[in-house]
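Engineer: Residues per chain, in single letters:
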Amino acid sequence: MSIKLSELPAEDYFLPGHRACAGCGAAIAIRLILKVAGPNTIVASATGCIEVISSLYPENAWGVPWIHTAFENAAATASGVEAAYKVLRRKGKISHDKVNFLAIAGDGGTADIGIQALSGMAERGHNVKYICYDNEAYMNTGIQRSSSTPYGAWTTTSPPGKAIPIGKREVKKDVARIMVAHGIPYVATASIGYPLDLMRKVKTALEIEGPAYIHVHTPCPTGWRFESNKTIEVARLAVQTGMWVLYEVKQGRLRITYKLSKLKPVEEYLRTQGRFSHLTDDDIAKIQEDVRKRFEEFVEGYRQLGVSVEA
Amino acid sequence: MIREGAGFRELPPAAIVPEPGTSLKNKTGSWRIFRPVVDREKCSKCRICWLLCPEGCKIELEDCFETDLDYCKGCGICAQECPYKAIEMVLEEGSSIA
Ligand SMILES: Cc1ncc(C[n+]2csc(CCOP(=O)(O)OP(=O)(O)O)c2C)c(N)n1
Ligand code: SF4
Ligand code: SF4
Ligand code: SF4
Ligand SMILES: [Mg+2]
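Residue numbers (numbering that gives the first Met the number 0), protein chains in the order written: chain A, 0 to 310; chain B, 0 to 97.
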C-alpha cells in the first residue's frame, strides 16, 4: 500500500484558526493523520499542546467528533467510546459503519502519566489507534522534561549547570518497543520529516482490526529552540542521523521503513537546536557512540522480543 | 452556535461545542511577521507546501498554490521546503525584526 501526494484529498479535519506556535510540528502531524482518517472518525485527546491549541472554548479546530480527556487517560476514554459504539451497534441503535477511533496524546501523556491506560487499552484489545506525538517534553506547561526527552537535552526541569552539566541525564524511554512487547497487531514509528510514510502507517493501522500504536516524532521550534521554518529539516535530520528510527511491526513482523546505509553524524542534528547548545564535543561523541550501538543492535533487540524480521 | 457573551444557563452541558471547526473565526494571520510570496512562474504545483503547512492554509489555484493570509502565521516552512524555490518570505508592512 502506498500514499500518493497527487491523490490526497483537499479536505482537512484539523482546521485553521488553531493556536499552535508558528511552525508547530505536532500540528502538521495531526492535520495529516486526520486527513487519512477522514470524516468517519472520533478522537479522544489528552491534555497537552494539541488539546490546548485546538479547543479554546467555545472554539474547536476539529472537523470530526472530538473529546478532551485528562492528561492521563486518552487511551481509557477512547476505549470507552469504542466499547460504547460496539454495544450501540449490537442493539441496532446506530448504523454507522467502519468508524475510526483515535486516541491522541503527547509524549508526557503517553510515556509518563498515560502509560497504564495505554497498556490496558492494548491488553483488552480495543480497536483504537493510539497516536503519540512526541515533542520530547511537556511543552504546553512550559518545557518540562518527560521520560521521552532525550539524553543531554536542556529543559526547564533539566537545566545544564555546574552540578549537572549534561542537562537531562537519563536516556529516552522507548515506548514503541514497550508496545511491541504487548503483542498488538500494529506498532510503528513515524516522523513528520517523512509525511507520506507517516500517512501510509496511519492508513495501515486503520485497516487492521485491533489496537495499534504509532509514535510520531514532531519537532517543536519553541521548546527545542530552533527557527520556525526548520521544523521539517530537523525532523529529517533526526532520522538521517539515526537518532529516530522509522519502522513498523505488523502482525509480529518487523520492517525498517527508512533504511540507512550510512548514518549522518549526530552533530548535524544536535547543532540545529538550542536545547543541545551546551553539549561539549565529548558529550556529542558519547551520544554518537550510543546511537551507533543502538543502530547495530536494533534488529537483534527485536528478535529477542519474539519478532521476525523482514529483509 | 454558542452566543458571544452567553451566560452559563444558556450553554450546552458538559462544555459541549455542538459545531465543528469554530476555530475558523480565529484569524491567526495577525500573528505573521513574514509573509510568503509565491512566484507563480516558478510554482510547479507539486503540493509540497500544501502538504506541510501546519495551518493547512495553502489554496490550490489554476496555475499555482497560494496562501490564505487569514490564517498563515508566517512560519516559513513552505518557503524552506519548496523544491522549486518558488516562495520568498518578505517582512510584513509595519513589522520589524530589530
Ligand atoms: C494529572 C495532571 N497533572 C498535570 C497536569 C498539567 N499538565 C497539562 S498538560 C501537561 C504536559 C503535557 O505534556 P505532553 O503530554 O508531552 O504534551 P505537550 O504539551 O508536550 O504537547 C501537564 C503537566 C494535568 N493536566 N493533569
Ligand atoms: S510548544 Fe511546541 S508543540 Fe506546543 S504548540 Fe508550540 S511548537 Fe507546537
Ligand atoms: S512547494 Fe513550491 S512548487 Fe510546490 S506547490 Fe508549493 S509553491 Fe508550488
Ligand atoms: S508560512 Fe507557514 S503558515 Fe504560512 S503558508 Fe507557509 S507553511 Fe503555512
Ligand atoms: Mg510533549
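Since the hints were derived computationally from the structure, they do not count as laboratory data.
Among the clues, some could well be false.
Once the Cα atoms are required to be at most 16 angstroms apart in a straight line, the calculated EDC-like pairs of lysine to aspartate or glutamate come out as [unchecked claim]: (1) K285/A x E309/A; (2) K24/B x E58/A; (3) K229/A x E91/B; (4) K202/A x E6/A; (5) K229/A x E92/B.
Output of the computed footprint for chain A on chain B, the stretches with three or more beta carbons under 8 angstroms from beta carbons of chain A [stated by the list, open to error]: (6) 18-27; (7) 89-97.
Quick reminder that beta carbons are idealized off the backbone N, C-alpha and C, glycines included.
Engineer: Now look at each hint and say whether the structure bears it out.
Structural biologist: Here is what the structure says about each hint:
Between K285/A and E309/A the alpha-carbon distance is near 30 angstroms, which puts this suggested pair outside the 16 angstroms criterion. Simply put, K24/B and E58/A have alpha-carbon atoms about 8 angstroms apart, close enough for the 16 angstroms limit, and the pair holds. A threshold of 16 angstroms between alpha carbons decides the hint, and for K229/A with E91/B the separation of about 20 angstroms lies outside it, so the pair is violated. Restraint check: the Cα-Cα separation between K202/A and E6/A comes to about 14 angstroms, which is no more than 16 angstroms; the hinted pair holds.
Simply put, K229/A and E92/B have alpha-carbon atoms about 24 angstroms apart, too far for the 16 angstroms limit, and the pair is violated. For the segment 18-27 of chain B, the stated coverage by chain A holds: 9 residues have a C-beta nearer than 8 angstroms to a C-beta of that chain, and at least 3 were required. Only when three residues or more bring their CB closer than 8 angstroms to a CB of chain A does the claim for the segment 89-97 of chain B stand; here the count is 0, and the claim is violated.
In this structure, the hints that do not hold are numbers 1, 3, 5 and 7, in rising order.
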